[in-house]
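J.: Using the hints, position chain B against chain A.
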Amino acid sequence: MSDTPYDSPHVPRIDSTGDDPTDDHPIREAPIREAPIRTAKALGFEPDELDGHTIEELSDYLDRDGQPVDPAIESSPDALLALAALRRLRDLSGSLIEADARAEPPRDDSWISGILANISIEARAGRDIPISHTSPTARLSITEGAVRGLIRAAGDSVEGVLVGRCRLEGDVTIADTPIAVTLEVAVLWGEQIPETTARLRSAVYSQLLRHTELRIASIDITVTDVQFSRAADDALVVGPDEESE
Amino acid sequence: MSIDVETMGYELDDLIRSTPGVAALFPAEASPLALATTLVAGALSRPVPASVSVSTSPAADLADGVEVTVKARVAVDASWSAAEVCRAVHDAVVERIAADFPAATSIVSVGVAQVAD
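Listed in order, the protein sequences are those of chains A and B.
Note that UniProt numbering has the first sequence beginning at 1, numbered continuously upward.
Note that UniProt numbering has the second sequence beginning at 1, numbered continuously upward.
Just chain A, same shape as in the assembly (with noise of 0.2 angstroms):
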């Protein structure tokens, strides 16, 4: 694999067709896409969304590693948050695309368009997070969209994981109030859950209590999706004795 990481397989991009222009990728020996993506209309994405870029537009932007530089991609908040989270999603999801394109019968990449939607709502500004000050004329704050990509930045550091939802529940722009994070989450095959959930847990907590001041009462993890990774895929083909040897 190469380097660089946009040479990384690449994340179904979703386009008005609804078909995959960048459907090329050399690995891929069988069709993995059985339902069509959705369109981008039916996924809820609009011209007018992320400071006026959809996320084809800025699958492309990946596609070309960021060349032409878009002075407006990139002074734009809402598009680098989302941004990030595509070039990670484009990482983690590789080797599962791999796995999946050998797999028999093909499986719903349906997770990877779901994730792509939330992706997009996600990165949105949201509402602003107050953060305090003594001063009376100080007004300070993070937004929800920001708050949003660290979480989904820390759960997709966590290995065996990949966020597909993320939500804050309750009022976050007053100060104090209790707030719950919920997660949706695919699951590498292999990983024991329970305690892949409790590293996600402490990973997301730790950089919400590093970087706001909001009040968690409680991170709620819900596992939607066991998802085969290329390595676990070749261990069920090969078998553990051989794999040894």
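Okay, the calculated beta carbon distance ranges per label pair:
hint : chain 1 : residue 1 : chain 2 : residue 2 : range
1    : A       : Asp220    : B       : Asp4      : 46 to 56 angstroms
2    : A       : Ser110    : B       : Thr7      : 46 to 56 angstroms
3    : A       : Glu213    : B       : Ala103    : 25 to 35 angstroms
4    : A       : Asp60     : B       : Glu6      : 31 to 41 angstroms
5    : B       : Asp14     : A       : Val226    : 46 to 56 angstroms
6    : B       : Pro20     : A       : Val226    : 34 to 44 angstroms
7    : A       : Arg127    : B       : Ser18     : 25 to 35 angstroms
8    : B       : Ala103    : A       : Asp63     : 46 to 56 angstroms
9    : A       : Tyr205    : B       : Thr105    : 33 to 43 angstroms
10   : A       : Ser132    : B       : Pro20     : 17 to 27 angstroms
11   : A       : Thr134    : B       : Glu67     : 15 to 25 angstroms
Cβ-to-Cβ under 10 angstroms is the rule here; a few derived chain A residues that face chain B:
hint : residue
12   : Leu80
13   : Arg87
14   : His133
15   : Arg139
16   : Thr143
17   : Gln207
18   : Thr212
Just so you know, the hints here were simulated from the structure itself, not pulled from any lab data.
Note that the Cβ used here is the ideal one computed from N, Cα and C, for glycine as well.
T.: Chain B only, in chain A's frame:
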């Protein structure tokens, strides 16, 4: 006393970008409608080419009672604390305005729009 909001905007732009932990400064949000409303109300307010929004009220050339409103949106490096960097940016801006215009009252808004990996 006279406050040149454009010059101040550039100065604060440099100041904020150089604050430790600030990864980027996003363009100021300038709503044409809000701007027109402010101008009709008689105050001087205009977006500046820099990324920091600066406005003064009730007028920039009054010696006393000038209120300077500054708005900035930043990205914070993930290795820092977003809350701490946000406060540091605020304090740096307030300190600069106080040094240049001791009679002015500053209202400073700092929003963290991204925690950058």
